[in-house]
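Number of protein chains: 2
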Amino acid sequence: MELARRVAHMCGTGGNGWELLIRARGMIAAGEPVTMLSIGEPDHKTDPMILAAMAQSAASGHTGYTEIQGIRALREEIAARVTARTGVPTGPEHVLVTPGGQAALFTAHQLLLDPGDAGLFIAPYYATYPGTIRAAGAEAREVVALPQDGFQPKAAAIRAAAPGAKTLLINSPNNPTGVVYTPETIADIAAACEAEDLWLISDEVYETQVWEGPALSPRALPGMAERTVVLGSLSKSHAMTGSRIGWMIAPEAVVQAGFELALNSTYGVPGFIQDAALFALRRGASFEAAVAAPFRRRREIVRRVLGQVPGLRLIPPSGAMYAMLDIRETGLSGAAFASRLLDEEKICVMPGESFGAPAAGHLRIALTLEDAALEAALIRLRDFAAALLR
Amino acid sequence: MELARRVAHMCGTGGNGWELLIRARGMIAAGEPVTMLSIGEPDHKTDPMILAAMAQSAASGHTGYTEIQGIRALREEIAARVTARTGVPTGPEHVLVTPGGQAALFTAHQLLLDPGDAGLFIAPYYATYPGTIRAAGAEAREVVALPQDGFQPKAAAIRAAAPGAKTLLINSPNNPTGVVYTPETIADIAAACEAEDLWLISDEVYETQVWEGPALSPRALPGMAERTVVLGSLSKSHAMTGSRIGWMIAPEAVVQAGFELALNSTYGVPGFIQDAALFALRRGASFEAAVAAPFRRRREIVRRVLGQVPGLRLIPPSGAMYAMLDIRETGLSGAAFASRLLDEEKICVMPGESFGAPAAGHLRIALTLEDAALEAALIRLRDFAAALLR
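Chains as they are written, first to last, in this note's numbering: chain A, 1 to 390; chain B, 391 to 780.
Rather than coming from a laboratory, the hints here were simulated on the basis of the structure.
Here the structure is a predicted model, which is why all the values come from computation and not from measurement.
Warning: the hint list may mix true and false statements.
[Stated by the list, open to error] Computed spacing ranges between beta-carbons, pair by pair:
1. Gly506/B / Arg382/A: 55 to 63 Å
2. Leu536/B / Met1/A: 23 to 31 Å
3. Met49/A / Ala675/B: 32 to 40 Å
[Stated by the list, open to error] Only part of the chain B face toward chain A is listed, based on derived beta-carbon distances under 10 Å:
4. Thr456
5. Ala513
6. Ala517
Each residue gets a CB set at the ideal place from its N, CA and C atoms; glycine is no exception.
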């Protein structure tokens, strides 16, 4: 019995750091004290008040089918937040609520790409990007952002890859590099999309984690709202990863098509989770700043410990919950370094190679560990590297 | 800016009863007392104990990313339940937890159908079936089940439609007809699938609502487990529609592919909802019987009121929460009858035409209204029909 061709097409998205992660988890299961600097998830649980709002919504009877596009009050709240953050007039008709940011990513590519099209994405990249593009039957085509450019993608590289492409996926603040795209980069990307007639899919799930700004949303540039789909989520901004709630901001025709896809795929998002999300968003910017604060502090720790080490080059972490470290002068690949670091120091970081060739010889350090433990681990990582460099 | 071709392909799935539904909702919004016999959702809220289990899981910290295939304890519980119900040895490796039965339906077709393939489904059909098949880029091809056959599909009709098809989707107990497929029908379907080398996708979301059995799962027939994907859900069996949790039971390779699709689409189901589902399933068969009991009672009401009316023919309701009524002798179409019933009696039922041509001249009556109100509405419907027949 055969499976659809899209299955083979979708699977095997490369990334070779996952064996390492499995090995680390095995060591932990066997009782070894491994320090995990590899996890792309806030180390704090969802706030109890948000969970109480969810329980209250469910107990008061919001347990049946709900609006498939998302309940209106939540769409209005999301739209108002987008309007306030970007200045682009946005209404509930521009919002599709999805069961998580990944679902928004999937939806956008399903709506915009046909088999035979190419979808562009920037490398280094988040693990699911190529598979999600391929799940639409399309070719996932890499646009390289180079370490010597601070991992800022260049218009020339985008335009060179554009023939046959219909979409470009970007992510700023960026996972895995911790880089925020400069206003010049955003303007170049927008110009390239207009010149090559590409839809721009802008994954902005780290939008509340910006340490050096400004972080521009490309949708705010002239003419871009009509060709831009913005992906959002409460996973990182409100530490709600497990609630699986996010959204897509898009022209109304795209949202309407997204409603049709939702009707035929997820049939909407639980109403009590939508009510929890509404409660969470209404807590406003100060709550978001509080959720982001640990990563802001830890970014200072990583800069202090790793920022001035001869032979190591820290990519200036300007956003998100990651720092990228160039360890090429040690003579090791990222994978070899990470493997030895796990064996010898019991510290797990992700090899840059997991995120695509341009991050080879780098490590991604997730700042998702309590400050003191993070600092101690970073010092051991630094000393381990220094011994290799001696 | 163009959308993907799959969008136009997916939309416009026919069904012409939705205007009626919108009109009824408008009347209610305007303050008119419309009796809704049109809703495919239990009229009871989710049980407070299940909601308490969910709140407890969330409060105790199950708010982060979880196993994308579904937490192991839940998959084991679902597998044990399937084994007990069907006798087919089923393990957690055969289970993919999905955000609802519709997501399982979507997943199965995405995994098994490529663009250019045809996917078969039985008419009359549940509203999302054709769109879900088309969302995989495939042709949604109807196999007609006739009223004179009691809406039992025939092997000859399946085999005649099979050239170019890779899948057959069935649903028993059936929405919209309220029919349970006989063991002969299930055996014929299985034989047709083997003869034509089709995957069988068996939507069994009404499995706990069987009033006249036996209700056989085709996966239990010899040789069928390897070509059958069973879709399940807690929406109907546990009145958990709004929790969006269901599953797919399939050969391990299909489940593994489903994991990859989930990785690239939903990224799993909230852990606290999975814990609530586990709690719900562990309440066992007596709880399921209690949730089904109102529909069992109401089925008797509909038989008593509509079963012996000259000029009306009640399709014997043997399962699910619906009854199908043949009103062709009134000379009206289902749509015309339903429209007049809404205007003159303020009762909303779904015209059979909404579910495909073979149900033309029929009405689907949802038994999702409290007993006394249901009986009163059915009596008015009967009298309205009798006046037409006079």
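Each hint tested on the structure:
Judged by the Cβ atoms, the range 55 to 63 Å given for glycine 506/B and arginine 382/A holds: they are separated by roughly 56 Å. Between leucine 536/B and methionine 1/A the C-beta distance comes to about 30 Å, which sits within the given range of 23 to 31 Å. Distance hint check: the CB atoms of methionine 49/A and alanine 675/B are about 38 Å apart, consistent with the given range 32 to 40 Å. Here the hint on threonine 456/B is kept, as its CB sits about 6 Å from the closest CB of chain A, short of 10 Å.
Because the smallest distance between the Cβ of alanine 513/B and any Cβ of chain A comes to about 17 Å, over 10 Å, the interface hint for this residue is violated. Interface restraint check for alanine 517/B: the shortest CB-CB distance to chain A comes to about 9 Å, inside 10 Å, so the restraint holds.
Consistency note: the structure conflicts with earlier hint 5 alone.
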